[in-house]
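Kindly generate the complete structure, drawing on both the sequences and the hints.
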Amino acid sequence: MFTRFIIATVLVALCGAVKETPGPKLIDETTRWKECLPVNQSIYDFQVETLQGEFTDLSQYKGQVILLINVATFCAYTQQYVDFNPLIEKNIENGGKFTILAFPCNQFYLQEPAENHELMNGITKVRPGNGWLPHRNLHIYGKVEVNGADHHPLYEFIKETCPQTVLQIGKSNELMYNPIRANDITWNFEKFLIDKKGHPRFRFHPTAWSHGEVVQPFIKQLLEEED
141 MFTRFIIATV LVALCGAVKE TPGPKLIDET TRWKECLPVN QSIYDFQVET
191 LQGEFTDLSQ YKGQVILLIN VATFCAYTQQ YVDFNPLIEK NIENGGKFTI
241 LAFPCNQFYL QEPAENHELM NGITKVRPGN GWLPHRNLHI YGKVEVNGAD
291 HHPLYEFIKE TCPQTVLQIG KSNELMYNPI RANDITWNFE KFLIDKKGHP
341 RFRFHPTAWS HGEVVQPFIK QLLEEED
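First residue of the sequence shown: 141, per this note's numbering; consecutive thereafter.
Please keep in mind that the hints were generated in silico from the structure rather than gathered at the bench. Hints may be right or wrong, so weigh each one.
What the hints assert, rightly or not - Heads up, simulated EDC-like pairs for lysine to aspartate or glutamate below, C-alpha to C-alpha not over 16 Å straight-line:
1. LYS337 to ASP197
2. LYS336 to GLU365
3. LYS237 to GLU364
4. LYS174 to GLU300
Rendered as structure tokens:
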């Protein structure tokens, strides 16, 4: 089954690439970020599902700065995975408490077709592949819906807290959900930076990356704040 969906997805991607790559153009855009609104609620109030089907509290990450990302295996932005491990190492080398939480999602041009038990095979063997393995501080959770009627409560919360980074979300034929709202996640690899108290502080468009250099000053700022 895993082999079949890989072949099918690659063929679809190749066919689509002849016209235009789905999603936002693959560029580095340093200005596409927004500061979140102050709130009393935190991400610690939510549970998420692991790849093994168990539910766990996000309160286990209390006291850590968190980069929260919706990911997909067959996306033009999937190579950002390669930057995650060095970004983590850079921020924990002097005792910093920094973690990345990744949430696979299939709502953007069906670019994450795998079932939860298949996801790690796709990441380690296909894209980014080449034996890539996640850092111990990179936690990949079960698939979620980040937009639409069935968006996960965690994403409902952070979208309400953090303003949209762009005016145009995307093309309706590439968005596999309804209804479409102004504060929706725009595409795979959109990011939210969470402070040590679990409050969302910054939102970054998928293009605001540049191998992690765009988010690094903000991570440093939150790491230097008092616990």
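Here is what the structure says about each hint:
1. LYS337 to ASP197: holds, 14 Å
2. LYS336 to GLU365: holds, 8 Å
3. LYS237 to GLU364: holds, 10 Å
4. LYS174 to GLU300: holds, 13 Å
The structure shown violates none of the earlier numbered hints.
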